[in-house]
Amino acid sequence: MKNSEIKALEIEELNEKLRAEEDGIQKLKFAHAISPIENPMKIREAKKLIARLKTEIRAKELAK
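Take 492 as the starting number for the sequence shown in my numbering and just add one per residue.
It should be emphasised that the hints constitute simulated quantities derived from the structure, not laboratory data. Errors might be hidden in some of the hints.
[Unchecked claim] Distance windows between CB atoms, simulated:
#: 1; residue 1: Q517; residue 2: R549; range: 21 to 27 Å
#: 2; residue 1: E507; residue 2: A554; range: 18 to 24 Å
#: 3; residue 1: R549; residue 2: P527; range: 30 to 36 Å
#: 4; residue 1: M492; residue 2: P531; range: 18 to 24 Å
#: 5; residue 1: K555; residue 2: K533; range: 30 to 36 Å
#: 6; residue 1: R549; residue 2: E529; range: 29 to 35 Å
#: 7; residue 1: A554; residue 2: S526; range: 39 to 45 Å
#: 8; residue 1: N506; residue 2: K539; range: 17 to 23 Å
Note that this is a predicted model, so its numbers are computed, not measured. All C-beta atoms, glycine included, are put in the ideal place defined by N, C-alpha and C.
Model the full structure from these sequences, guided by the hints.
In structure tokens, the structure reads:
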């Protein structure tokens, strides 16, 4: 997801996406602990996306 796409979303949509990504990263970590996943860079990408979402949520809260 690109930054421009993230900035276009509303706070409610950002929160939903954040919850979904946090669930997804938990599943990735669990799968990686059991047996190595094919592409472990997915975990890093998911962490960065979560950080971008949290940053945008905070920026929109401060803008109000």
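Evaluation of the provided hints:
no.	hint	result
1	Q517 / R549: 21 to 27 Å	22 Å, holds
2	E507 / A554: 18 to 24 Å	19 Å, holds
3	R549 / P527: 30 to 36 Å	34 Å, holds
4	M492 / P531: 18 to 24 Å	20 Å, holds
5	K555 / K533: 30 to 36 Å	34 Å, holds
6	R549 / E529: 29 to 35 Å	33 Å, holds
7	A554 / S526: 39 to 45 Å	44 Å, holds
8	N506 / K539: 17 to 23 Å	18 Å, holds
Against the hints set out earlier in the document, no violation occurs for any number.
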